[in-house]
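Undergrad: Protein chains in written order, with my numbering: chain A, 45 to 276; chain B, -12 to 212.
By construction, these hints were calculated from the structure, which means they are not laboratory data.
Be aware that one or more of the hints could be misleading.
[Unchecked claim] If you want the footprint, here are the derived chain B segments under chain A, 3+ residues with CB under 8 Å:
1) 2 to 13
2) 61 to 74
[Stated by the list, open to error] These stretches of chain A come out as covered by chain B in the derived footprint (C-beta under 8 Å, 3 or more residues):
3) 97 to 107
4) 138 to 152
Note that CB positions come from ideal geometry on N, CA and C, so glycine has one too.
What follows is the residue order along each chain.
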Amino acid sequence: MPVTDAIAQSLPIIAVSNLIKQFGRFAALRGVDAEFCVGKFYVILGDNGAGKTTLLRALAGLAHPTRGTISIQGKTPQEACRKIGYMAHPSLLYDEMSGIENLRYFARLYDIAGDERCEEVIRAVGLDPEMARAVGQYSQGMRQRMSLARAILHDPKILLLDEPFSNVDVHSAREMVGLLKGMRDAGKTILVVTHQAALLEGVADEFVWMQSGQIVERTREPGGEHSGAGTR
Amino acid sequence: MSSLSSVTLATLAKDIRLEWRSKDAINSMLFFSLLVVVIFSFSFDPTAEESREIAGGLIWVAFLFAAVVALNQTWARELRNQVLDAYRVSPAPATALFVAKALGNFFLVSVLEGLMAPLFAIFYNLRAVGPAWQLIPLAALGTWALVVNGTFFAAMSLRTRSREIMLPLLLFPISIPAVQSMVEATRLILSGDGSARFWIVLLLTYDVVFTTACLALFETVLQAE
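Chain A on its own, in the form it takes in the complex (with noise of 0.2 Å):
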């Protein structure tokens, strides 16, 4: 690897600081610290209730923080939104419209003119273009796949995916993880929350564990001193 990549590589694109997220009474993050660097992949693990998601939600502009602070190459979430694509545990599309029709509507939003950017994503993921069906008929697979095609639309430095295995088959899982994978490569950073650590194992560069809303380890290999529960 060249020297400037490795440094590049080394700069935290993602930065939390003492992130508390309460929700009335209940404290969902209880002061998270944590730096994300340029091009790695990380894999949040946990067990429910641990306040994955929720952290998922705060890098996203989501979920605003109680207190703390969250910085994206020193800009807040909602300033850096053009620079994160977020894949949540719903599928964030609607049921009503074929998948072209709904990438072609976020597509706008992203001010993306043109439909090959929308035909390229949908190839991307290992679905077709063509396909005339309402994302409401779709498989819970294919509606994961088309999820995750919305979330790279506008080709974002960060990717934040929230369950993006569940309920899809092994092989189906095999190649996001590849096509992820070959992300990475690319130099984007990945955040993915997920109970199938097996998956990524080989893959991810860090395995980050929570529990009770606080960052308690992270780790080069999947089986951590936490790794009892949370994983499967």
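Model the placement of chain B on the given structure of chain A, informed by the hints.
TA: Relative to the frame of chain A, chain B by itself:
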């Protein structure tokens, strides 16, 4: 084309396409308004003169209640699969979403009015004695008054547990000045008892004030958790 107008048009086209496919809002509104016309025509047997006195109130209240159905539908669509989050994480301006939704609702309620007005005229034996052309700007301003606040308050009540109840509770009280202007202006035009100019200007003022306020506050509503 600027981002604002381009996103507004894309969102408006998307909403009309979704409504065309599902016909959820327009069918419910039509059915409701039709019921009002038929039930009231059986309940009362007014003379032509009495009809001119009461028709304004009847028509606008029917449209107000029917519009609530469309207003709830507009935002319910954005809640399914949390699609609204996809908009919130995008750089698209909040104003574009609001304007598109308000225009979409204006279009739907106008279609309803276009279909129902002849039926009201037939069932209640209505004929304008005053300047009938004034009914057109009055309908446009009145419809905008209903949908601009309705779109805003429907968005505001989106995350509440009983949003179908919340919307009328928020919308109806604030619509009283607009509804009064619409009813009085319609009565004066139909009966020819005087000029409706004052009420139309009042309605125009109401529209300007509330459109400005809704545009200014919508981003806060959209980004609220």
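Undergrad: So, for every hint listed, does it hold in this structure?
TA: Structure-based check of each hint:
1. 2 to 13: holds (count 4)
2. 61 to 74: Our answer is that it holds, as 8 residues pass the Cβ test (under 8 Å) against chain A, meeting three.
3. 97 to 107: It holds: at least three residues are needed, and the stretch 97 to 107 of chain A offers 4 whose Cβ sits within less than 8 Å of chain B.
4. 138 to 152: Held - the stretch 138 to 152 of chain A has 8 residues with a Cβ nearer than 8 Å to chain B, which meets the minimum of three.
Checked against the numbered hints listed earlier, the structure breaks none of them; every hint is satisfied.
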